[in-house]
Amino acid sequence: MPRYLNKLLEEMPYCQHLGLEFNFENEEIRARLPYKTDLVGNPLTQLIHGGVIGACLELTAVAQLTMTRKLERLPKTINVTIDFLRPGRPKDVHFKALVYKQGRRVANLEAFAWQDDESQPITKLHGNFLMG
Amino acid sequence: MFFLVLLAKLLKIDNTVFMSDKTNIENEEKPSDNNKPEAGTAEPHKAEPHKTEPWEYLTQNLDMMSDVIPQSKAIGAKLTKLSKGRATGMLPYNEKLLSDKEKGIMASGAVVTLLDQTCGTAGMTAFSEAILPVTLDLRVDYMRPSRKGNPIRCEAHCYKSTKTIAFVRANVYDTEEGDDEADLIATVQSTFSYTKIQPK
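Residue numbers (this note's numbering), protein chains in the order written: chain Z, 1 to 132; chain R, 133 to 332.
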């Protein structure tokens, strides 16, 4: 994990609040959200709050774009579309993001969240980000 | 996956209301065909007794929502207004939830949590049964970052609902009141699917 990116993310209080951990693997960022009871959105079934998973997907996408483009500042989000495919069970969630197109100012990314099986994503994010 | 809620207690109340309605209908005398009302003299419309819908119990205790859901408690998201098809949620300014400490910008992720919750609640009120909203998709367009020290307010409106799907639009402002376009920080378009809560 490049140090500058680590610093940027450490300066983000919300990232600390969630407890999201970033790992770096062949130019790809893999994030992991350790489960804690604070993240629950449905007290009856103990499922993780959709907003939390959406937030982590967005952070992963932002981190991936920052690294790919070696940006000095974190990109701004223009819009995101989050599709909830499967329920977020009360255990760790993993994230990754793919850069589909990077223009001079705007980049298009997709991010995935999964729990046990990477081929069975629980949530998918698609978004445009403004760089610079 | 959105969240919620409705306590099993509410369900029981609703079921008893529903059951008593049913028995009333059964006991009612059916109008015989021989006594058809003459044309022009329409039967006086009987005012139906107001049936309390499950979500209406929530209006009496708006804090319940944030108390019951651990994540909203953790970030301090609250439900401030609730009526048929509409819900207002508020996220107070919180230094823990910033994405930029110097500029005091609230992290978009924290805002997403508030939106998911408020939109789901708005959709829930469109149904008369106790249901559990599940987010199908949520699209957020960010207009500008929020201002330092300001709360985030989400005004959600369920403009259409079918048997199983609710369509919810929302505007997000960074003020406590009003709908000034200058205060608009984001707009939301979302769909929710509903599953009935099965009483055990």
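Because the hints were derived from the structure by calculation, they are not lab data.
The model shown is predicted, which means the values in this text are computed figures rather than measured ones.
You may find that some hints are simply not true.
Stated by the list, open to error - According to the in silico footprint, chain Z covers these stretches of chain R (three or more CB under 8 Å from chain Z):
hint : stretch
1    : 183 to 191
2    : 195 to 203
3    : 220 to 234
4    : 285 to 298
The C-beta atom is built at its ideal place from N, Cα and C for all residues, glycine as well.
Claimed coverage, the stretch 285 to 298 of chain R by chain Z - three or more beta carbons nearer than 8 Å: violated (count 0)
Coverage of the stretch 183 to 191 of chain R by chain Z (three or more Cβ within 8 Å): violated (count 0)
Within 8 Å of chain Z's CB atoms, at least three CB atoms from the stretch 195 to 203 of chain R: coverage verdict: holds (count 4)
Proximity test - 8 Å, beta-carbon atoms, the stretch 220 to 234 of chain R to chain Z, at least three hits: holds (count 7)
Of the numbered hints given earlier, the model fails hints 1 and 4; all others are met.
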